[in-house]
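So the sequences go chain by chain: W and B. Start counting the first sequence at 1; every next residue gets the next number (full-length UniProt numbering). Start counting the second sequence at 1; every next residue gets the next number (full-length UniProt numbering).
Worth double-checking, as some hints may not be accurate.
Claimed, not checked - Non-contacting residues of chain W with respect to chain B, defined by C-beta distances greater than 12 Å in every case (computed):
#1 L47
#2 C70
#3 E75
#4 V87
Unchecked claim - The calculated label-pair distances, taken between Cβ atoms and stated as ranges, are:
#5 W:S53 x B:R29: 36 to 44 Å
#6 W:T31 x B:T31: 37 to 45 Å
#7 W:P60 x B:T58: 16 to 24 Å
#8 W:G81 x B:Q39: 35 to 43 Å
#9 W:R29 x B:A49: 24 to 32 Å
Stated by the list, open to error - Calculated Cβ distances over 12 Å to all of chain B for the following chain W residues:
#10 Y40
#11 Q61
#12 L85
Hints in this document: simulated from the structure, not taken from any laboratory. Glycine is no exception: its CB is placed at the ideal position from the N, C-alpha and C atoms.
Number of protein chains: 2
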Amino acid sequence: MVWGAFSFSGTMELQEVQGSQTATGIPIRSTLDQSMTVQYAEQLQNLVALARSVIRDTDPQNDVITLGVCSKSDEIIVATGEWVLAVLQHPFLSA
Amino acid sequence: MVWGAFSFSGTMELQEVQGSQTATGIPIRSTLDQSMTVQYAEQLQNLVALARSVIRDTDPQNDVITLGVCSKSDEIIVATGEWVLAVLQHPFLSA
């Protein structure tokens, strides 16, 4: 069950979660409430930035494509590029 | 092709990369050279710690199980628990 999805840092029109962006790092659309969205957006940006530094320390031309975190109850998947898409789901619950 | 694997923060005997640990956070065995191992161990510990804080901000009882980073050329998979196991591979190259 996908319980939250949002996109930030992007200009791409999303197919299922459509929106446009006015400022870098501002979530453009989310199914989470506003405070949760802002919280996750900020934290996941930091996480992607740290992952990028890990990758680039050994190859400065390299970059993060996806980042995933599985916890005991949830799964967070982040895809990066010109835009960033994050999906948060409970993989152990049915749709 | 797995090009590097190491474990740290642990006491578990690994099946393929056996070793024992003398201090928390010290890599116990690695197929990478020493400097790369120390570099990745430190960086991945920071990455896991940040991912844990993201997870626990919404649920303090929750914890990270696995963390994965796909880059343009490599893939890093980190499994956490009492011990931490990290595998670094080139998924686009054959074994």
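>> Beyond 12 Å on every Cβ pair: is that true for Q61 of chain W relative to chain B?
In response: The claim is violated: Q61 of chain W sits with its nearest Cβ about 8 Å from chain B, within 12 Å.
> Hey, does C70 of chain W actually stay past 12 Å from chain B on C-beta?
Replying inline: violated (5 Å)
> Is it correct that the beta-carbon of Y40 of chain W has no partner in chain B closer than or equal to 12 Å?
Replying inline: Y40 of chain W is in fact no farther than 12 Å from some Cβ atom of chain B, at 8 Å.
>> Verify this label for me: L85 of chain W is non-interface relative to chain B, using a Cβ-Cβ cutoff of 12 Å.
In response: Nearest chain B Cβ is 14 Å from L85 of chain W, so the label holds.
>> Does V87 of chain W clear chain B by more than 12 Å, comparing its Cβ with all Cβ atoms of that chain?
In response: Nearest chain B Cβ is 14 Å from V87 of chain W, so the label holds.
>> If I take the minimum Cβ distance from E75 of chain W to any residue of chain B, is it greater than 12 Å?
In response: violated (9 Å)
>> A range of 37 to 45 Å was offered for this pair. Does it hold for the Cβ distance of T31 of chain W and T31 of chain B?
In response: Once the Cβ atoms are compared, 42 Å apart, the range 37 to 45 Å for T31 of chain B and T31 of chain W holds.
> Lying within 35 to 43 Å: is that true of the beta-carbon distance G81 of chain W to Q39 of chain B?
Replying inline: violated (26 Å)
> Is the gap between the beta carbons of R29 of chain W and A49 of chain B within 24 to 32 Å?
Replying inline: This hint holds: roughly 30 Å between Cβ atoms.
> Taking 12 Å as the cut and beta carbons as the points, is L47 of chain W off the interface with chain B?
Replying inline: violated (5 Å)
> Cβ-Cβ distance between S53 of chain W and R29 of chain B: within 36 to 44 Å?
Replying inline: 25 Å Cβ-Cβ, so the 36 to 44 Å window is violated.
> Falls inside 16 to 24 Å, the C-beta gap from P60 of chain W to T58 of chain B?
Replying inline: violated (34 Å)
Checked against the numbered hints above, the structure breaks hints 1, 2, 3, 5, 7, 8, 10, 11 and satisfies the rest.
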